[in-house]
Amino acid sequence: MFLFNSNKMFFLFILFFSTFISISSNTWFGCWIGLEINLLSFIPLISNSNNLLASEASLKYFLTQTIASINFLFTILMMLILMKNFEMNNFILIMMNSSMLMKMGSTPFHFWFPNIIEGLSWFNSFILMTWQKITPMIILSYCFNKNFIIIIIIFNIIIGAIGGLNQTSLRKLMAFSSINNLGWMVSAIMISQTLWMFYFFLYSFMITIMCFLFHMLNMYFINQLFINNMNFLIKINLLINFLSLGGLPPFIGFFPKWIIINFLINNNMYLLTLLFMMMSLIMLFYYIRITYSAFMFNYLKMKWFKIFIKNNYFMMINFLSFISVMGMILSTFFFY
Amino acid sequence: MNNMKYSICFISFIFLFMMSMLNFIFMIYFIMNKLVILLEWEIISFNSISIVMSILLDWMSLLFMMFVFLISSVVIYYSKSYMSSELNLMRFIILVLLFVFSMMLLIISPNIISILLGWDGLGLVSYCLVIYYQNLKSYNAGMLTALSNRIGDVLILMVISWMLNYGSWNYIFYLEFMNNDWQMKFVSSMIIMAAMTKSAQIPFSSWLPAAMAAPTPVSALVHSSTLVTAGVYLLIRFNMLLLDTFFLKMLLLLSGLTMFMAGISANYEFDLKKIIALSTLSQLGLMMSILSMGMPDLAFFHLLTHAMFKALLFMCAGVIIHLMNDMQDIRFMGGISMYIPLTTLCMNISNMALCGIPFLAGFYSKDLVLEMVNFSTFNLSIFFLFYLSTGLTMFYSFRLVMYLMINDYNLMSIYNLYDEDYVMLKSMFILLFMSVISGSFLNWMIFPYPYMIYLPFNMKMMVIYVSLIGGMFGYLVSNMNIYSVNKFIMTYNLSNFLGMMWFMPNLSTYGLNYYFLKFSQNLVKNIDLGWSEIYSGFGMMSIMKKNSVLYNIYQMNNFKIYLFSFVIWMVIILFMMLFNI
Amino acid sequence: MMKFLFMLIFMIPMCFMKNMFWMVQMMLFLLMFLFMNLGMSLNLFCNFSYMLSCDIMSYGLIMLSIWISVLMIMASENLYKMNFFLNFFLFNIIFLLIMLYLTFSTMNMFLFYLFFEGSLIPTLMLIIGWGYQPERIQAGMYLLFYTLFVSLPLLMGIFYLYNEMQSMMIYFLKFMNLNIYMLYFSMIMAFLVKMPMYFVHLWLPKAHVEAPVSGSMILAGIMLKLGGYGLLRLMIFLQEINLKLNYIWIVISLIGGFYISLKCFSQIDIKSLIAYSSVAHMSIVISGIMVMNYWGFIGSYILMIGHGLCSSGMFCLANISYERLHSRSLYINKGMMNFMPSMSLWWFLLMSSNMAAPPSLNLMGEISLINSLMSWSWVSMFMLMMISFFSAGYSLYLYSFVQHGKYYSGVYSYYTGVSREYLMLILHWLPLNILIMKIDYSMIWF
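For the protein sequence lines, the chains are A, B and C, in the order given. Here the first sequence stands for residues 1 to 336, where the numbers follow the UniProt record's numbering. Here the second sequence stands for residues 1 to 581, where the numbers follow the UniProt record's numbering. Here the third sequence stands for residues 1 to 446, where the numbers follow the UniProt record's numbering.
Here chain A stands alone, though its shape is the one from the complex (with noise of 0.2 Å):
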């Protein structure tokens, strides 16, 4: 955690910043000011000279976002001296969407997202999987072609369930189910902006504590998770985080998602949504292939293998998973 840190505060403060100058600029060119701070904040954050994965992680992460931004400024360009900003037509859209695809990490530009996120802290990747996509979400969200962002949608959640199934490092596990929620999300996008925020929230509060028990836990692969002696609370909240997750009822992540189906049937389009379900499905495998050390209370247990897991944060993930729980139920008294 940076609150210790007042170099990496200082950053952090500013990537705050420059999201607010891109989403509440009048003008696309504010779009690209504040996209490029973003860049520049982030890029500190994430280096540490320690560390050899993590620097060649910030300079991947420079290279793909300045191409990103480079394109949008050209974009941009172009549309204000060619076009004098009045016809909008299909290419032009795909070429801004795609920079923005790129900056977020959706596919076909994808590629460079799980590979980044291997060098990150907990905290880094958190910030790379929830705040970072804000600025490019909103821009999207301003005009789109729809027949591109569908196709983008489709490829998005199949590579985030398919990729996922053969990964054994955590952070590249939630990369890709950021990259099948991102599909999720550009699909909200499509039906109105405040489905998109609905989602969004849900989406980081449950990013949020599966990052948190991480970082306390300090567990980066698979076989890691089967330590002796976790707290046993600590093992459910692992469990009910990650089935809330994969979006089973009755815990917290099955809202968004049903609201998101039920916009989309309301608009006809059923074969997206059988699609997104069947995808989530398969996301759902590799969820619960992690949640087996803790569904499991009989198992190989190692001798030799005694570490010991500080507990400072414990009641703080026991708040939350307590909201992940009874999360849908306590929303509905706000209906009545």
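The set of hints was computed from the structure by calculation and includes no laboratory data. Predicted model, so just to flag it, every value in this text is computed and none were measured. Every residue gets a Cβ at the ideal spot worked out from N, C-alpha and C, and that includes glycine. Each hint should be verified, as a subset may be incorrect.
As the list claims (entries may be wrong) - What the simulated footprint calls covered on chain C by chain B, stretch by stretch (three residues with Cβ under 8 Å from a Cβ of chain B suffice, anywhere in the stretch; the number is not a length):
| id | segment |
| --- | --- |
| 1 | 79-87 |
| 2 | 259-271 |
| 3 | 358-366 |
| 4 | 382-392 |
| 5 | 400-413 |
| 6 | 434-445 |
We have chain A already, so just place chains B and C on it with the hints.
For chains B and C alone, coordinates are given in the frame of chain A:
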């Protein structure tokens, strides 16, 4: 505890005997006044059909119940001594009482659903009784019994659903009116088949000899008089439905063949209880065939008298088995007439009644049956079947008498055969009394006027001729020694065929099992572990895994290629835009 | 109806207190008796309160689920002795019961779906958490994914209905006349897989065998009936299409039932045999519902309740043998009559109820179902004869193999049945055989 074991026998005996006498009194009253009482309790009524629990008390059901209660009371009293060394005698008596209860339910019900209750109960309780001794033979016999009976159960379930057509399950009321509908033809065929399974006609006759693995009191009660006659009783009740149908003629042929087959096979058997079982099977064939000639009251008459002497015969067999130290093979027995005269007396009288010696119980029913066969208009093959079977009856009975009583004792050189078991003797004497007088008594009660029979002299004496010839053959066969067995080897195939009950036990067990089990194995291999797995769990999983591995190849690439591909994409889109404007 | 929900919710803290294992069971008994006093007899919704209500189908099934939960706790005394995550186990059972109660008593289709899915999670936890063998992971996966794969299209169908009709109340479903084939298939498949029907039944043997005794009991007792309940609800508005297409399901179920009955003979695992016999019984239930006459609905309802009690009792018996011999294989569990003769009485009674011997509820259900199927088409007679005969065959096979014969000579020490086990068995058998006296509670719906 011992006292309680014996006293339950005594109490049940008194209770059942009182019930039998009560039924006797009511029966006489009902016959004299031509009274029928039908009690109904409606359980549920909806959709224009109602499930009722009915009790029909007419002379037939009261008479049959009287006989059932009498035999069961005597058998329970008998088993007080026969099964006295049994640790779980309570369980045995309770099972027998449950059996009697199910039989009673069957007898008094004019309603096909309550017949199902009794029928299912009979099948299950007879399974429990046959497997009572818990050895391998009983286990196999029990399985064969239960599953053969189950076929009948399933057919009665189907009859229930076919009868849904008529709006009521009280078949008594509408059998005569509806017997031309094609649905009723289905019903009649299924009823006939169900009765055939219960009464062990061909092709379901393999269970009856096998069920001799049960204790002897059970055989006396179940396999001589009550369970196996349930099928005949069902057909007697359904008689109005079956007259002049094709199925009845088929039943005539099958039951005649059963009669014949059982008679022949009894001659090859050396196990005492199996001979008596096959004799029961032969008499059942007789009952069924006279029923299928259209004379149900004669079938009923023979059913009742047969119950008496067959139960007595089984009980005598039980005494003899006890005395021979649980040995059942008749080649080891002999000369019992010198040592146990009272038992010999019972055995002789029941054997003679079986053969139809004049003025015993069997004479009235069997002779009347044979004279009616003579008087009827069926063809020569049926005639032959009947008379040959009658001859065969005398044949095996006389052979049995020769082996048991006239030849020498073959078991051990030091022996003690005693006749002082008064409990068993008392029960046998009650049945002895009944098997002497019940023929004439029933003759006067059941038939308000005698049958008109007008036969030439030789036809009338045919029975005696055939019996004498049969008896002579019995004497000859029982004198065969080891040396003469060689003649059997020359006709080995024929002897095997005739002696193994025309291979029916093998056909109904090995012949059927193999094909069903092989079929099930193929199903399991091909569908359950084959196609279903490929199209659902396992197949999907392997497809996903392969695709994921394939995707990983795309993922693990040079970084510059990603960036370059993005640039190329942009250039393509740019050119497409530029060339379209 | 809310009062029972609150009683269940407030039992949750009791699960976490010390030494309250049997108290929870007693409270569930109390809940059962309180619920029985509602006195339901009509096919209309009664006892409204805050989106929960009860009609005749829900009434019987809620009572069955509470009863089986009680018996689940009674059966799991092994966990109590070993103190193996006991609090969480009780919490799982109460949570599952809450989900089931809400499923059966909610009036809203979407909430029905929500709780239908929600009841999967505690079942999964029971199987994977307290099961005995490594194969339980695969079993849990099969259970979860088979159910989810077909119930997500059900969700789509429900939203489509909401889009068209603007209401999700079950009572208003009868005003919908939607004639869309895709909707029919997507909604029906969820319940057919849950039931299960023949080709999609692969999850059931795995899940039943690998689950601990409480998991098997609740799976066989209630979870299969969720499918039947859903079908009975859906038939209200899918009538037209169903009348055109029901022959598919009936044919698959009947012939599948025949095949499964044959397959039972080749099993060597006791629980596997009982699981396959569940599939065979449920196949006739599916056919009965699909035929859509009154006899069919009634027969399937009665057979569901009867089968729930009977199968659950048989799993208890299998567990009683397992706790002593630590094996479920037929080659080791034999000759039990020599050790526990009183228990063989219960084996016989429950096996005979399984093969529909009088006077059990199974017989009544089978008679009604045979009547309904024959009135639909008399050709189904042949398959029904086969299914009925073979059900007697394998029930007797299981009984005689486990009880009779020589016992396995590798057995060292033994103890006969304890009275808790006998109580459990009589609590299974007695409702099964006595309820036939009061059959008009289940048969008269109007």
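Structure-based check of all given hints:
1. 79-87: n = 0 at 8 Å, threshold three: violated.
2. 259-271: holds (count 5)
3. 358-366: holds (count 4)
4. 382-392: Satisfied; 5 residues make the cut.
5. 400-413: Answer holds; 3 residues pass the 8 Å Cβ test.
6. 434-445: This one holds; 4 residues, not fewer than the three required, reach chain B with a Cβ under 8 Å.
Of the numbered hints stated above, the single one contradicted by the structure is hint 1.
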